[in-house]
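Colleague: The task is simple: from the sequences and hints, build the whole structure.
Protein chains in written order, with UniProt numbering: chain E, 1 to 694; chain Z, 1 to 694.
The hints are simulated quantities; they were obtained by calculation from the structure and are not laboratory data.
Since copy identity is lost for identical chains, a pair holds within one copy or between any two.
Listed next, the in silico DSS-like pairs over lysine-lysine satisfying Cα-Cα at most 30 Å (straight line):
#1 K128 <-> K280
#2 K615 <-> K231
#3 K8 <-> K482
#4 K615 <-> K154
#5 K43 <-> K587
#6 K541 <-> K482
#7 K82 <-> K482
#8 K482 <-> K174
There are 2 protein chains.
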Amino acid sequence: IQTTNIKKNLHELTVKPYEAGSHQEEVVLVDSIENTWKSYLDKVEIYPYDVLLSYPNITDQNYVGLLHPNGSVTMKTNFTEKLLVKNEDQPGVIPSFLAYTPSGDVSGDLFYVNYASVEDFEELLKLKVNVTGAICMARYGYIFRGDKIKNAEKFNCVGLVLFSDPYDYGGVPKHAWDPSFSQNGYPNSWWSPPSGFQRGSTQLHGDPLTPDYPALDLTHRIQESETNLGKIQAQPISYEQAYEYISKLGDTVAPEAWHGGMNVTYRLGGSFEHPHENCKAEIHIGNVNVLKKVHNVIGYIKGWQDPDKYVIIGNHRDAWTYGGLDPSSGTAVVLEVARAIAALVRDGKWRPRRTLVFCNWGAEEHGLIGSTEWTEQLEKRLLLRAIAYINIDIAVQGSATLRASATPTLYSAIYNTTKVVPNPNIDEISQNRSTVFDTWLYKKARKVNLPPIGNLGSGSDYTTFLQKCGVASVDLIYSFDKRIPSYPSYHSLHDTFDYMEYFVDPKFKYSKAIAEVAADLMMKLSSLPVLPLSPNDYSAKLKSMFQQFNETNGEFLNANGIHLTNLESTIDQFNEAAAALSNAAEKLNVESSDAEIRVINDRLFEIDRGFLDFKGLPGQQWRHVIFAPASHNSYSASGFPGVTDAIYNLQHSTGTLDEVRQQLSVLALKILALLTLTQYICKGKQHLYLFFKL
Amino acid sequence: IQTTNIKKNLHELTVKPYEAGSHQEEVVLVDSIENTWKSYLDKVEIYPYDVLLSYPNITDQNYVGLLHPNGSVTMKTNFTEKLLVKNEDQPGVIPSFLAYTPSGDVSGDLFYVNYASVEDFEELLKLKVNVTGAICMARYGYIFRGDKIKNAEKFNCVGLVLFSDPYDYGGVPKHAWDPSFSQNGYPNSWWSPPSGFQRGSTQLHGDPLTPDYPALDLTHRIQESETNLGKIQAQPISYEQAYEYISKLGDTVAPEAWHGGMNVTYRLGGSFEHPHENCKAEIHIGNVNVLKKVHNVIGYIKGWQDPDKYVIIGNHRDAWTYGGLDPSSGTAVVLEVARAIAALVRDGKWRPRRTLVFCNWGAEEHGLIGSTEWTEQLEKRLLLRAIAYINIDIAVQGSATLRASATPTLYSAIYNTTKVVPNPNIDEISQNRSTVFDTWLYKKARKVNLPPIGNLGSGSDYTTFLQKCGVASVDLIYSFDKRIPSYPSYHSLHDTFDYMEYFVDPKFKYSKAIAEVAADLMMKLSSLPVLPLSPNDYSAKLKSMFQQFNETNGEFLNANGIHLTNLESTIDQFNEAAAALSNAAEKLNVESSDAEIRVINDRLFEIDRGFLDFKGLPGQQWRHVIFAPASHNSYSASGFPGVTDAIYNLQHSTGTLDEVRQQLSVLALKILALLTLTQYICKGKQHLYLFFKL
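Modeller: So this is what it looks like as structure tokens:
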């Protein structure tokens, strides 16, 4: 793995903007990656799909405005960001919009609703603030923007304005920024400049017209009116322009925790202060939805022993603007991983037992479209044969530490891998933190002697692998350790090669570390005779999830006559089965036959399949009963999602006790089902059937 | 395989009545089969479930009656059948009822509705006969009795009386029988006596309280009011008693085709003739639903190479009365197959590569309950690892010919097997029909030189294996070749050992033939290094199904702007992929490595998995898009069921053109999905990657 290659890759990928469906993305980059991979991989396939993409309309620009009683509109927000440096001045940067937000005009009283979370709206209800028929204005951050819009819709708002508050994105303390500080942020620092804004999609379910099925030529498409896309107008703006609105809001002062970085009093609004007391806010959206062809590029290095078992790595290709970090820090890394592993194979030194699959996804930014359509097309193949999926989206967004989210089966492989990858930070090596693992442990570990690995929700291309096909998955990123919602230039004009080179990973050594982690994981997963997947880690995770669940909900459930003894007992039983399977795997050795190894390997990689409920979680497309995107924040993972949602619904009078019982029953049954799935028969050496647990 | 053993098995099984949930069935027979199997199989497991069973109420007897204007009721039908021979006089024979029919009283005008098919009710509509609020009376036969009730309910009847018409069950010509012929049928012949009636269940979906999930202790149970069980009263009666009602019906003469074997004018009714013109029909039902524990007995012979791949044979244990044919002709056969194969293993001569699983199901008669709960519990294990399921319900109901229904993957194995099993009929051997295949071909083949193999719908325990887990399945029976709906004593008191010995298979040689077919299929499937599953037969079947579908629907669809070119083209593509896979399988030889063989075998047994749509067919629990129980007759198979139903709905103004398009799209997509599933990588001999199709 060479930093120079990663840097060169990134530079070539980011010369022009390349949003999903553009010529640069769908022709230039697809051809380039296809040709590159054809030059060193065993086989490359292109998977095209015809999908519904969403774009702003250049001749009917989106804006937020102040509507005066005479009908005139002032303070219209900018459609484009200010160019601040030379290398971001290419034509074709996509203007300000939220993908799939419907076109149209709405106006209404303007309210400030903090992050537009369910809790924020519930707080407003407590404060007797009624946002029905109003336009709301919310800070970006912490929850998926599509859920902010869904929440606003649920609480009867007619429109939502999203802005990047300078406290979250501008690097300033509370109440610190005003328009006089116009030089804040990029290019002077990595923080967002006053004019920067965050584009993004409002859905994470693949092509909206072909739910559950791949968007092929012959696929039936539903009408746009039949989709689950958001119904209200919404638009993102910069903090420079948000200031104009927030500073004019009247009425009640917002709760202290809702105050952001602008030097104004954050008020809840509902009216504007004098002389704007008769004004309303207006949102004008001209977005258009267009059927476009998008492509996935899929490359293979064939396994010599189990060519039909897949160890998959994937990363998306499309960027909102220049993709300096998102996604091409990842693409640059995946290309280098593929090259480096292919070089080993070409030299004839080595070939994996199992097939390696390299995926370059299209249209991730519009809603994980490329990966969703592909997993819908290859659903059974992945369900029956995929060993693991390694996701790299943004590879590097900081230099503090690795951040990994994964299914528990992969925990120990991730720890073992990070223990052999050198710490990219030389200063830290001199402080005896010689590996990626050491610094990760130092920065992140609290009580236990292992750094935490997060749970997978949604927000990138691992989603359908795990949530629909039950494939053990991991998402890898080198990150900051600041308490900010994302790196500041996320989805803005300024997410460029320069941004990466000046502010994130100047020497590409953190990129190299991520590449080494990914490559080592792929080598282990594809080539160790016994798969490095840990049933014991899953069982430990279930135990700790149960403990936490019990602490949160045990008392409430008890008061309602529901006891968790059955659930606890199934987890105990799973614990025993996991230990037995681990023991059997450890007993395999060089004298073990291929058939014996295969039996154990099949049991290991099938574990997450057992947790799938093909009926789906209630009201969801997701099938995994242990981890799913949280209902009110798709970015985060909900543990025991069916039960958790049922309890939430019961507590909010939208569900019944029987639904809680049903979901608890399904959860326990799926954990029990894993017992039968992890059971196996194994031949002992002395007696043909010494060890027999069917 | 010894006829003496089969005969002995059958005799021991049938000494007392053993309906599901009874002591004889759940204690005596479970223990006996468990102990028998423990004596010669490698391992035996008991799978218990707590399920809702339905029984008639001895102290509140069901009847159909004639309700007079003064409120008195006459002509009450019998609760029990007449004892006609000595060996059917044991206590505990379950009286007359239809399982899960709700208790209660209804009365109304009485109509005769032929077989109560959808077509019959539509014919009545054409004839301007309105059955709303009425009680209908229908002949048994041809469609599942539960669908007759569903149809009656759909056409707004309040009750349904089912009778065994002497034309269908009594062996008489049309209009030939009247009460003076009281000696008709058993024990003088195998035909139903005038007093015989057919019990049976009204549902085929497993435990009604735990849809989709196994009925374990911890499983949440829905309320009875939330189930899909029928809502109207219904009751079966004999032809002797049906005569009393049919002979009194007034009004329009029924269409000629509706006339049965009673020497009366079959009228549509709506009123009774003089002097009963002011009478109504009444149904009184006292049935009760009871939670009961039922058990499956599952035995194993472990495979030496792939112990985690399963070749499964199953048969149900419970009978409505004495189970002479249904099911114990099958149980007797399966026990003998297990004994015979186990004897080979015990001698050390032989052991299968793959594990053999012997299943003895509980509570089939109540709605495939034992097998459904088991497949729901082991769903993922079966989905990922089951090679094939062989079902034997009634093993022998006649001596004319084999009758097989199967998934196309098994066609050639079935033909090959039947070509090596001797014809049990010595007379036919002397006519140069030396094998089971020969006589099957002679009796059944029409244009082609192969006997027809039927499609699997529902009605026995293969249902969930195929419809929910995508396991290649076959149902085997030695049968009559008369045009009657079933053997006459089906589900009656007279389905006894005597009935078998006097009228069906006196020397148990047809039973032996079925056992030999099943045993040989199990040996082939469990022990041939390359699985004898044929992708080419599937592709040929798809082609012929398409042709038939096109003939039936092509013109109608064309007129609505829907063309079948996409579907046809996907089938052509599947044809190519199937041929490639078959070729690769044929190229395997003694020098092929275990890994090469495994890859091809996995592709072969996964074929039916590709046809599963986990979303389920619209409004159904079934998942298989090629074969499913027909919507209006669960016994028969619907080809391309999603599309077929959508077209039916469109033609009956209960569906849209878009739903047809959607279902055609799903069908084509699942056939395409199989392409990716059947693809594989194979190592050539000369070059490591000579043959590479990923």
